[in-house]
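*Asks:* Just need the whole structure built from these sequences, with the hints factored in.
First to last, the protein sequences are chains A and B. Heads up, the first sequence is in our numbering, so the first residue is 100 and it goes up one at a time. Heads up, the second sequence is in our numbering, so the first residue is 100 and it goes up one at a time.
Keep in mind that a hint or two might mislead.
Because identical chains cannot be distinguished in the list, a pair is counted as satisfied if it fits within a single copy or across any two copies.
Here are the simulated lysine to aspartate or glutamate pairs, EDC-like style, with alpha carbons at most 20 Å apart [claimed, not checked]:
#1 251 - 413
#2 337 - 412
#3 292 - 387
#4 409 - 313
#5 296 - 382
#6 220 - 294
Just so you know, these hints were derived from the structure itself, not from any lab.
There are 2 protein chains.
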Amino acid sequence: MLNTTGFHVAVVGATGAVGQQMLQTLEKRDFPIKQLTLLSSARSAGSTVLFKGKEWTVEEAKPESFEGVDIALFSAGGSVSKLLAPEAVKRGAVVVDNTSAYRMDPDVPLVVPEVNEEDIKLHNGIIANPNCSTIQMVAALEPIRKQYGLKKVIVSTYQAVSGAGAVAIDELHAQSQAILSGESFEPGVLPVKGDKKHYQIAYNAIPQIDTFQENGFTFEEMKMINETKKIMHMPSLKVSATCVRLPVVTGHSESVYIEIEKDSVSVKDIHALLQDAPGVTLEDVPEEQIYPMPAHAVGKPDVFVGRVRKDLDEERGFHMWVVSDNLLKGAAWNSVQIAESLMNLGLIK
Amino acid sequence: MLNTTGFHVAVVGATGAVGQQMLQTLEKRDFPIKQLTLLSSARSAGSTVLFKGKEWTVEEAKPESFEGVDIALFSAGGSVSKLLAPEAVKRGAVVVDNTSAYRMDPDVPLVVPEVNEEDIKLHNGIIANPNCSTIQMVAALEPIRKQYGLKKVIVSTYQAVSGAGAVAIDELHAQSQAILSGESFEPGVLPVKGDKKHYQIAYNAIPQIDTFQENGFTFEEMKMINETKKIMHMPSLKVSATCVRLPVVTGHSESVYIEIEKDSVSVKDIHALLQDAPGVTLEDVPEEQIYPMPAHAVGKPDVFVGRVRKDLDEERGFHMWVVSDNLLKGAAWNSVQIAESLMNLGLIK
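*Replies:* So, in C-alpha cells, the structure goes:
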C-alpha cells in the first residue's frame with residue numbers, strides 16, 4: 100500500500116475535481132507517502148475516495164488534522180486555505196496551496212517548477228500554486244524569455260468549465276442535453292457561482308471568469324497579469340488578458356501574442372526552443388493540420404504549443420496557441436511537482 | 100404578395116443557411132421586389148423555400164437565369180460566383196457577392212455600409228460582402244478610428260459553426276448528443292470540409308478556420324487582415340488575427356485589442372462614440388454583468404460591444420469584446436444593406 104519510508108501527506112479538498120486529480124497524480128508519480136490524511140469541508144467529510152486501489156475515508160479538516168503532516172496540498176477554496184494553512188504550518192507542515200489566498204503575498208513563493216523552481220527555497224511554510232491559465236502560459240513563454248527576452252504579452256483565453264468545479268461540468272452537460280431535447284433550463288452556476296447573474300454556457304461564450312474589479316478587468320484577468328509578473332520576476336513586463344469561459348469540459352486554450360527583445364528571430368528559432376523546453380510539447384505542423392486542442396490535451400501533463408507564427412507587421416511580434424489540461428498542469432500536477440521539488444531540493448525530510 | 104413596383108431580385112444559394120437569412124431579411128425589411136428568382140446548384144434545384152408566406156420553387160442557376168434581373172445576391176460558394184456573377188453583370192444585374200471570390204479584386208468595392216458606403220459608387224457590376232468576422236470588427240472600430248485614429252489591431256476570434264454551413268451545425272449537434280450518450284462518432288466536416296483531417300468540435304476549440312497559407316496563417320485570418328485594410332482604406336494599418344472555431348451554433352465573438360493615435364482617451368470617451376454609432380449596440384456594465392454573448396446576439400442585426408477597457412500599460416491601448424450574429428450582420432443583413440444602399444444612392448432603377 101503506502102511506502103514504509105517517505106512523507107506524511109495531507110490533501111485538503113480531497114473530494115473536489117482538483118483533489119481527485121491530486122490523488123491520481125501522487126499515485127501515478129509513486130510519490131513516497133508513508134501516511135496519507137484526506138481532508139475536506141464538514142459537508143463532504145465521511146465520503147470515501149480511492150487511492151492505490153483502496154477506499155479512504157475523508158475527514159473534516161481541522162487545525163489538529165495537521166499534527167505530524169510533512170506536506171499539505173490545499174485545494175478547497177481560498178477561505179479554507181486562509182483559515183487552515185497557517186495552522187498546518189504551525190504544526191510543521193509545508194503547504195502547497197492551490198487557491199488564490201496567498202499568491203500575491205510577498206512572503207510566499209509562487210511557483211511553476213519549469214520557470215522558477217529556485218523560488219521554493221525562499222518559502223516560509225507556504226508555497227502558492229498559480230492560477231491555471233497563468234501556469235500554462237508562463238511554461239510556454241519562459242524558454243522564449245530566457246533566449247530572446249520578453250517585453251509584452253497580450254492573451255485571450257478559451258477556458259474550460261472544470262475550472263469552476265464539478266457543479267459547472269454538471270451544468271454544462273445538463274444545459275447541452277436540455278437544448279438538444281428542446282427543453283428549458285435555468286442557469287445557476289456560471290459564470291461565477293456567488294455572483295448576481297447566471298448565464299447559459301452551453302453553445303455560448305461568456306466573457307467573465309471570476310468577479311469584476313474596479314478597473315473593468317475580471318479577477319481572473321488580473322491574476323494572469325499579476326501572477327505572470329511575479330513568477331517571471333518581471334514587475335514591468337507589459338501583460339494584458341481577456342478571459343472567456345467556453346462550453347469545453349476540460350482543457351484551457353490561449354491565443355497569445357508576445358513581443359520579444361531581439362530582432363531577426365524566426366518561427367524556426369522559437370520551434371527549436373520549445374522542442375527542448377521542459378514540460379512543453381510542440382504540436383505545430385500546419386500543413387498536416389497539427390496544432391493543440393483541448394480535446395487532445397485532456398489527461399496529459401504537458402503544455403502544448405502550436406500555431407507559432409511571426410507577426411506580419413512587428414519584427415519582434417509572435418503569435419501562438421497554448422493548450423493544457425487545467426486540472427493537471429493547471430492545478431494538480433503543478434502542485435505535485437512543487438512537492439517533488441521540495442523533496443529533491445532537500446527542503447522536506 | 101410581391102410589390103407592383105420595385106426590383107427583380109435573384110438570390111443565388113437560396114436553400115443555404117445564409118440564403119435563408121437573406122430571404123427572411125428581404126421580407127422583414129419589405130425590400131421592394133416586383134419579381135423574385137430563387138437559384139441554387141443543380142443538387143438543390145426543385146426544392147421549395149418560403150417567402151412572404153408562399154412556397155417558391157428553386158431553379159438551377161444558369162447564365163440565362165439572370166435575364167432581366169436588377170440585383171443578384173450571391174451566396175453559393177466562391178466557384179459559383181466566379182462562374183455566374185460575370186454572367187449576371189453581362190445581363191445588366193448588379194451583383195452583391197457574399198463569397199471571397201472578388202473581395203480583394205481592386206475593381207470590386209468591399210463594403211460595410213456603416214464604414215464605407217460611398218465605395219459602392221465605384222462598382223463595376225459586382226460589390227463584395229466581406230467575411231463575417233471582418234464585418235463585425237470594422238463596424239465596431241470605425242467610430243473609434245474616425246475620432247481617434249487607429250494604428251494597430253490584434254484580434255482573437257471565437258467563431259460559431261454556422262459559418263461553415265448547415266452541415267457543420269448538424270455535426271455539432273450530433274457529436275454533442277453522442278458524447279452525452281457515451282457513443283462514439285467520426286468527425287467529417289470541421290474544421291474544413293475539403294481539408295485532409297477532421298476533428299471533434301463538440302466540447303472542443305479548433306484553432307483552424309479555412310485552410311492554411313504558406314505564412315502559417317489560415318485563409319480566414321488573412322481575410323480578416325486584408326479585408327480590414329481594404330474596407331477602412333488603411334493599407335498600412337497593423338492587423339493580426341487568430342481565428343478559432345467553437346462549439347457555438349450562431350454568433351461570432353472577438354477579443355479585440357487596438358492602439359489608437361491619441362493620448363488621454365478614456366473608456367467613457369469610447370463608450371460615448373459606440374453609443375451613437377450606427378449598427379452598434381453598447382452592452383457594457385461590468386458591475387451588473389452586462390456584456391455581449393453569442394446566445395443573446397442571435398437573431399439580431401446589430402454588432403454588440405462590451406468589456407471596453409484601457410490597457411494597463413499602453414496609454415493608447417484598448418481592449419473590447421465584439422459579438423454579432425454571423426448569419427445576419429456577418430452575411431445576409433450586410434448584403435441586403437448593400438442592396439438598400441444601391442437603391443438609396445440611386446444606383447439601381
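*Asks:* Decide, hint by hint, whether the structure agrees.
*Replies:* Hints versus structure:
When the C-alpha separation of residue 251 and residue 413 is checked against a cutoff of 20 Å, the pair qualifies both within a copy, at 12 Å, and between copies, at 10 Å. In this assembly of identical chains, the alpha carbons of residue 337 and residue 412 lie at most 20 Å apart whether taken from the same copy (19 Å) or from different copies (6 Å). Taking CA atoms no more than 20 Å apart as the test, residue 292 paired with residue 387 passes between copies only; the shortest distance there is 15 Å, against 41 Å inside one copy. For a Cα distance limit of 20 Å, the shortest separation of residue 409 from residue 313 across copies, 12 Å, qualifies, whereas the shortest one inside one copy, 35 Å, does not.
In this assembly of identical chains, the alpha carbons of residue 296 and residue 382 lie at most 20 Å apart only when taken from different copies (15 Å versus 38 Å within one copy). In this assembly of identical chains, residue 220 and residue 294 lie within 20 Å of each other by CA distance neither inside one copy nor across copies; the values are 38 Å within and 51 Å between.
In this structure, the one hint that does not hold is number 6.
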